[in-house]
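Modelling step: build the complete structure from the supplied sequences, incorporating the hints.
Residue 79 in full-length UniProt numbering is what sits at position 79 of the sequence shown, and the numbering runs on without skipping anything.
Simulated from the structure, these hints should not be mistaken for laboratory data. Mixed in with the good hints there might be a few duds.
Here are the simulated DSS-like pairs of lysine-lysine, each with C-alpha atoms no more than 30 Å apart in a straight line [what the hints assert, rightly or not]:
#1 K200 with K228
#2 K200 with K167
#3 K167 with K298
#4 K252 with K228
#5 K167 with K198
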Amino acid sequence: MKAVLMTAPGNPDVLQLQEVPTPSIENDTEILVRLQAAGVNPIDTKLRRRGTFYPDQMPAILGCDGAGVVEAVGSGVQRFRVGDEVYFCQGGLGGKQGNYAQYVVVDERFVAPKPTSLSFVAAAAAPLVLITAWEALCDRGRLQLGQKVLIHAGAGGVGHVAIQLAKLHGATVCTTVSSHEKAAFVHQLGADRAILYKEKDFVQAVLDWSGEGVDLAFDTVGGETFAKTFAAVRVYGDIVTILEPDASTNWKVARNRNLRVSYELMLTPMLQGLVSAQQHQADILNQCRQWFDEGKLKIHLNKIFPLEKAATAHQVLEAGSTMGKIVLVTGSE
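Dropping the structure here:
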């Protein structure tokens, strides 16, 4: 099969299209998937630049997100049959093979049926950002019906699905964006208020909108933005971040407001082999599948590249300011 191999840490040109053996089923609960598309995420570019979590296992095939058709099943597989269409977030961290390839082997427990309303390309764009947003808002942030939520970078990959998930859970949502074009985009997704952070102090804008502060803030930016957000959250409120706080972070406002601070890293179940947590992530995708097919949830595609243009896809993602997701077409869709 053809696959994009990361030959060493470095610039995008370390991603090379090569011919490699097609993987085979080794455990009875595994399925072989003929991939049609693979999502491209910031974790991919970070691992390419600095090295994977398993530097002794090189070269590596990156790509956590995949969508495709079941080609073969293990003897113990119960949920899927040959020909079923699936999507998932598995592999691509440097240990198990990722999805920048034409085939991949995945445990059926960590896979969900593909939404019938989505193309393979759109489905491949969805898993990592959906799981990240759901876990941040619902599992870490304990989102409740009627709460007010601040979502940073609402036009981005995680942000644009976080807005929709928050609304589906009955929240009122404000979000930060960098342009009027992105403001229009997030309003189409259901955001109640878009704050152009380049033109206004977002903390004051949130307080003007929410009164005493939001119940829950979701930080997808990090750095100074994370620390500034403390003042936009009500006393005893929640803030969840997907990034590691800077060592220089001043925690005084968070402490004085008795904020509950949580971290969201959706890769933890894969990295630590937590089977039940990975099954929970597949359950999230299954619920989102229903919402996609009911027209209640959308995934926005920014750019689509053929598999051999993986390096270009990384360059575009690292350039920043994209709305929605970037995807590689790995099959014949």
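Numbered hints the structure breaks, given as an ascending list: As far as the earlier hints go, not one is violated by this structure.
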